[in-house]
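Asker: Sequence:
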Amino acid sequence: MDINEMYMREALHQAEAAAEIGEVPVGAVVVRDGEIIAKAYNHVETDRNSSGHAEMLAIREAERVLGSKWLTGCELYVTLEPCAMCAGAMVLARLDCLWIGAMDPKNGACGSVFNVVQEERLNHRMEVETGILEAECGQILSDFFRNMRAVKARKRKLFRQRMTSPDNTDGGNN
Numbered sequence: 070m071d072i073n074e075m076y077m078r079e080a081l082h083q084a085e086a087a088a089e090i091g092e093v094p095v096g097a098v099v100v101r102d103g104e105i106i107a108k109a110y111n112h113v114e115t116d117r118n119s120s121g122h123a124e125m126l127a128i129r130e131a132e133r134v135l136g137s138k139w140l141t142g143c144e145l146y147v148t149l150e151p152c153a154m155c156a157g158a159m160v161l162a163r164l165d166c167l168w169i170g171a172m173d174p175k176n177g178a179c180g181s182v183f184n185v186v187q188e189e190r191l192n193h194r195m196e197v198e199t200g201i202l203e204a205e206c207g208q209i210l211s212d213f214f215r216n217m218r219a220v221k222a223r224k225r226k227l228f229r230q231r232m233t234s235p236d237n238t239d240g241g242n243n
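Numbering (the numbering used here), first residue to last: 70 to 243.
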């Protein structure tokens, strides 16, 4: 197995952990000198915090481990292309390289919608590599959202059945 695939597999394990608790399945790992120094998965819903993205949490942990806000010499592996917030944090942390599993054509800020991490007007730019275990990284997201839609559809169906039931004499307010 390729070393980059190995690190992305760990990011996928993190994404799976996110899915298990109902979070959007995105996982991230930070690597320095061939060693994983931080790993995280989304905690947006769990923590009710819009900045609880896997990348942000992994960056914070790596900064804690290294005792520095600079992550020079580090690489970040993430299952989904980062948003603008996460891309900005990566630039500010001075990460060397970003490895992306699946691109995000709606919100991606590392090549899809924007390219924050390679913006020439900024004082730091990162190398970006894409498509690492792309099919697997995309599939976990597709499966998660398909399951979410199915659960919502079942809830709507049950609600409609309850509302139209002959036993429902108070309009569903019982």
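Treat the hints with care, since some could be wrong.
[To be verified] Cβ-Cβ distance ranges computed for the label pairs, FRET-style:
1) Leu-227 to Ser-181: 18 to 24 angstroms
2) Phe-228 to Gly-103: 49 to 55 angstroms
3) Phe-183 to Met-70: 31 to 37 angstroms
These aren't lab readings, by the way, just hints derived from the structure by calculation.
Note that the Cβ used here is the ideal one computed from N, Cα and C, for glycine as well.
Asker: Could you run down the list of hints and mark each one as holding or not?
Answerer: The hints, checked one at a time:
no.: 1; hint: Leu-227 to Ser-181: 18 to 24 angstroms; verdict: violated (37 angstroms)
no.: 2; hint: Phe-228 to Gly-103: 49 to 55 angstroms; verdict: holds (53 angstroms)
no.: 3; hint: Phe-183 to Met-70: 31 to 37 angstroms; verdict: holds (32 angstroms)
When held up to the earlier numbered hints, the structure conflicts with hint 1 and nothing else.
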